[in-house]
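Asks: As a plain string of letters, each chain reads:
Protein chains: 2
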Amino acid sequence: MNKKIIVGVDIGGTNVKLGLVSAQGRIACQTSFSTKGYIRNKKELIRAVIDKIQSLFDQKYSSSRKIAGIGVGLPGLVNPVKGIVKFLPNIPGWRNVPLADIIQQKIKVPVFIENDVNLIALAEWKFGAGSGVRNMLCMTLGTGVGGGLILNNQLYRGEGYVAGEIGHIPIEQNGLPCNCGGWGCLERYVGNRQLQATAAEVLHEKGITLEDVCARAAQGDPLALKFWDETAVTIGNALTGIVNVLNPTRIVIGGGVANASRFMFKTIEKTIKQRSMHVQGAMVKIVKARLGHKAGVMGAAVLVMDALRHKGVARRQAGL
Amino acid sequence: MNKKIIVGVDIGGTNVKLGLVSAQGRIACQTSFSTKGYIRNKKELIRAVIDKIQSLFDQKYSSSRKIAGIGVGLPGLVNPVKGIVKFLPNIPGWRNVPLADIIQQKIKVPVFIENDVNLIALAEWKFGAGSGVRNMLCMTLGTGVGGGLILNNQLYRGEGYVAGEIGHIPIEQNGLPCNCGGWGCLERYVGNRQLQATAAEVLHEKGITLEDVCARAAQGDPLALKFWDETAVTIGNALTGIVNVLNPTRIVIGGGVANASRFMFKTIEKTIKQRSMHVQGAMVKIVKARLGHKAGVMGAAVLVMDALRHKGVARRQAGL
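First to last, the protein sequences are chains A and B.
For the first sequence, the working numbering assigns the number 955 to the initial residue and increments by one for each residue that follows.
For the second sequence, the working numbering assigns the number 955 to the initial residue and increments by one for each residue that follows.
Accuracy of the hints is not assured; some may be wrong.
[Said to hold, decoys possible] Straight-line C-alpha distance at most 35 Å; calculated DSBU-like pairs for lysine-lysine:
#1 K1062/B to K1036/A
#2 K996/A to K1242/B
#3 K1265/A to K1239/B
#4 K1040/A to K1080/B
#5 K1239/B to K1036/A
#6 K1265/A to K958/A
#7 K1080/B to K1062/B
#8 K997/B to K1036/B
#9 K1160/B to K1040/A
#10 K1020/B to K997/B
#11 K1036/B to K1239/A
#12 K1227/A to K1224/B
#13 K1220/B to K1239/B
#14 K1036/A to K1242/B
#15 K1239/A to K997/B
#16 K1220/A to K1040/B
#17 K997/B to K958/B
#18 K1036/A to K997/A
#19 K1265/A to K1036/B
#20 K1080/B to K958/B
Think of the hints as simulated: they come from the structure by calculation, not from any bench.
Assemble the whole structure, with the sequences as input and the hints as a guide.
Replies: And the structure:
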């Protein structure tokens, strides 16, 4: 597999990113294009992805290497076993699309698909802030609050492939109604929109951005520092349940809001260590995600590496 | 292994239970003795366990069969990989006891140890209410609220072997202080002691037992029904986080309080389905534990079966 190259694709609501990734996790070359022009045309979007894969590969390697496999991340509900995209909340028209088969029929190599947050978790675990860790949670703080779980050195998907939704841990018995249909969910308190509303209140300034609040905190503004501290306590409270139940050694936090890490992470860790059980609390570390906007493409490559390796092990076990 | 017999031992704060278990999960014979006489003498307790195993086996099989392995469950912190009992909160003097080695030196067969709640989860998964399920939580409602997780058809232990502590999921950001050092933990609301105090308040009767509240509910007493309903909502609220994060298909609930299952389970399931995300909520079922006081001994046997099978697979893979 070392001489072969893996293609990672990260389909988002705003951009599609593509990269050629080595087995060591190095991105040989990367490109991207806006999702916008294709937002209402599923077939065109798939065709654009296939064309980009082909041209990216031809341009870099022509015939000197081969593609070992293609991994694709998507922002929504995916059946990774059947290779079907079930539903994408922010890209209309995607329902039960057999994406892996469609791509595989055009480019004759194995294709694997997965939810994008799960791919970030895979990337951070293999090549980023969770390297060498057996049990970890990767959390993304943005408009939504998402999560991916690595348990016993494997991506844990759950029965319906929707595990990891830590944004929807209830933190209050009664609480604010959430888009998911529930109430009191973590996301309802620390999702971007609510954070901006809270910041406007705490700092007495309508329309203030989270970047502004970061800048103010860097200047020592006590209200800005208080805002991040209280946000960190809320996050720590929710993560306490995860720490007590899953006993991970690392929690990797990424996403836009993680840019305020220096104002939050100590308090998140302190809250968890204060509130969680002794053994669990002592073992866990809170760290910032390392791979940034490359995580999706790299995670898509890790997905392919793991799938091909497991296939290899299964073949060897079967004596093939 | 079919012709060999497995010994399951369930060491509790009150009783030690022992049984000879077939590969099909049938308990051929079972015995028990009070822990009381040995509560301050670790060596004597271990000797009594070893003697009981020997006499139980000799009495049933003499030399016609062999012991394939011994599994032991303990009410506390265990390192199952090293076979060491780290700490038992309710049996004094147990700190860093190499129990597996000690028993193995006397009875020359493989010995495995595990936390008792994890063994209940293993038993219910293999032979009880979780049979055939790939991802499940087993919850015990008693003085403490414990849990064991089966994820991807395996007991999930966590990095320090302390995963599954669902009694210590915070259900409120601020809340009642808990023995664990945290606050707002589920156990603090639905552990036996608190339930009794709450029942006395709700039913306006000092010293009322939970059995009484069950009897009253069975007679249609609206206050008793209200008490169980509110308890069920609290449990459902805490389980919502688990359902969203781990996406299991079954939650098995046992322990003394589960005797009120007919007054609680519908409301627990309704609360989870109302409050959790759509896909996760639709997949999960709440069911009562089936194995009762036999679960510990049976789970200890499942532990041995799994360990010996994995050893067999590893040997076959290594070509031995």
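Asks: Each hint: holds or not?
Replies: Consistency of the hints with the structure:
no., hint, in the structure
1, K1062/B to K1036/A, "violated, 48 Å"
2, K996/A to K1242/B, "violated, 46 Å"
3, K1265/A to K1239/B, "holds, 33 Å"
4, K1040/A to K1080/B, "holds, 32 Å"
5, K1239/B to K1036/A, "holds, 24 Å"
6, K1265/A to K958/A, "holds, 16 Å"
7, K1080/B to K1062/B, "holds, 27 Å"
8, K997/B to K1036/B, "holds, 19 Å"
9, K1160/B to K1040/A, "violated, 55 Å"
10, K1020/B to K997/B, "holds, 26 Å"
11, K1036/B to K1239/A, "holds, 24 Å"
12, K1227/A to K1224/B, "holds, 33 Å"
13, K1220/B to K1239/B, "holds, 10 Å"
14, K1036/A to K1242/B, "holds, 33 Å"
15, K1239/A to K997/B, "violated, 38 Å"
16, K1220/A to K1040/B, "holds, 30 Å"
17, K997/B to K958/B, "holds, 28 Å"
18, K1036/A to K997/A, "holds, 19 Å"
19, K1265/A to K1036/B, "holds, 32 Å"
20, K1080/B to K958/B, "holds, 19 Å"
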